[in-house]
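Whenever a hint applies, use it, and build me the whole structure from the sequences.
Read top to bottom, the protein sequences are chains A and B. Add 517 to the 1-based position in the first sequence for my numbering, that's all there is to it. Add 19 to the 1-based position in the second sequence for my numbering, that's all there is to it.
Heads up, a few of these hints could be off.
Computed list of lysine-lysine pairs in DSBU-like fashion (alpha-carbon distance at most 35 Å, straight line) [as the list claims (entries may be wrong)]:
#1 A:559 - B:22
#2 A:596 - A:659
#3 B:23 - A:596
#4 A:659 - A:546
#5 A:522 - B:115
#6 A:704 - B:23
#7 A:706 - A:522
Interface residues of chain A toward chain B, partial, derived using beta-carbon atoms under 8 Å [to be verified]:
#8 518
#9 522
#10 523
#11 524
#12 552
#13 556
#14 568
#15 570
#16 620
#17 622
#18 625
#19 626
#20 707
#21 708
#22 710
Read the hints as simulated data drawn from the structure, not as lab findings. Glycine is no exception: its CB is placed at the ideal position from the N, C-alpha and C atoms.
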Amino acid sequence: MYPAKFDFHAPNSIEEVLSLLSEYGDDAKVLAGGHSLLPMMKMRFATPQHLIDLNRIDRLRGISQDGDTIVIGAMTTEKQIIASDVLAMHCPLLPEAAKQIADPQVRNRGTIGGDICHGDPANDQPAVTMAADATYVLQGPKGERSVHSSEFFLGSFYTAMEADEIMTSIRVPAAAGSSGSAYVKLKRKTGDWATAAAAVQLTLDGDRCSSVRIALTNVGATAIRVAAAEDALSGQVVDEALIDAAAQHAMDACDPTEDLRGDVEYKTKMAGEMTRRAIRQSLARARGQ
Amino acid sequence: MGKKLISMTVNGQTHEVAVEPRQLLIHTLREELGLTGSHIGCETSHCGACTVDFNGESVKSCTLLAVQADGADILTVEGLANDGVLHPVQEGFTEKHGLQCGFCTPGMMIRAYRLLQENPNPSEEEIRTGISGNLCRCTGYQNIVRAVQYAAEKLSAE
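Right under this line is the structure:
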């Protein structure tokens with residue numbers, strides 16, 4: 518299976534990428550890990566005339582700390598996220614989720630930025646970075662701008678990123694105090710997308726939940742942040758009744774499509790159950806259990 | 020959209036090849052270099068039959084363009100044996116009957132080779148997770164796990 522013909526560009530700098538994007542506009546696509554784009558090109562769902570490979574730009578890779586913020590280069594691979602000591606210490610939600618993405622070979626190539634920018638509601642990093650309160654840094658001909666993860670996803674395969682922009686980094690606040698997180702994903706087999714998954718990150722102040730973020734994967738047109746579930750838990754001593762209430766809010770927010778992974782009712786129930794489990798696990802971790 | 024000249028090292032030998040940008044690495048290996056050990060299975064990066072070692076990492080060569088391999092160091096199943104002596108991974112698959120039809124075997128072995136570099140003494144669970152990107156439709160994986168365990172023991176004794 519060959520993709521349709523295209524011209525290949527392998528620039529060494531972000532400036533070169535932006536100038537190529539300005540020149541070719543909608544005829545161009547940028548290539549990150551390629552594990553979504555190349556299969557789509559082989560099946561001719563995508564037929565860019567110009568392919569711009571980002572793999573030779575070292576500045577787009579790596580994980581560093583900027584004060585209380587963790588900065589992850591958009592071209593950092595899922596494997597590098599799993600191996601990162603900085604993330605293990607300050608944002609364990611991301612490595613926990615990355616381990617559940619695809620398989621070892623795909624994680625060697627697949628990048629966090631590619632996972633996000635593809636805009637596929639089945640991808641994991643959109644919901645995970647939403648729960649982690651991430652901000653995405655985009656660069657285009659007019660300069661740099663930041664878009665919060667909660668405002669980035671506009672529809673299936675449709676994001677706030679313009680055609681002449683690329684994502685350069687993902688900025689995540691370091692988890693502080695008594696915090697806990699979990700990504701709980703139901704999938705039929707390794708390599709499959711989620712039937713439903715929930716990402717939760719919360720902080721405790723004594724027994725009370727002082728802040729919480731909850732987001733769902735693959736149960737709607739985009740990753741879904743469930744503000745009503747967050748409101749149900751915020752400021753409360755979280756017990757099983759409140760967890761049930763939050764799960765009900767998550768189910769109310771779902772709008773899944775029936776496919777081989779299940780019908781609408783099943784997927785909705787599973788989103789509720791994944792939410793329950795992710796909250797329970799986050800609480801236990803925040804308490805140091 | 021003309022061809023591009025790329026240079027890559029495959030199994031220790033440097034090759035210069037002219038490739039169309041849309042040519043996938045698996046096709047270059049099989050059709051230009053005649054290295055047909057790596058197989059084409061699903062073509063959608065699920066099955067792992069096309070797995071090769073690429074700059075020290077396992078990758079699925081059906082989801083990588085040959086032009087991206089310019090300057091790369093690649094190991095395929097043909098490069099595992101040394102002077103006619105089977106690599107411990109190959110010996111393990113022979114001794115433990117780690118295959119039936121053999122279609123997944125080259126990808127399975129080249130993945131097992133890298134897994135044992137990354138983790139020389141994997142538990143059974145780590146082996147199963149480590150080869151989770153390689154599908155086998157015959158064996159039920161039991162003997163593949165035993166083959167990798169055999170190779171791990173043999174390699175650590177060396």
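Hints that the structure is at odds with (numbers, increasing)
Numbers 5, 6 and 22, in rising order.
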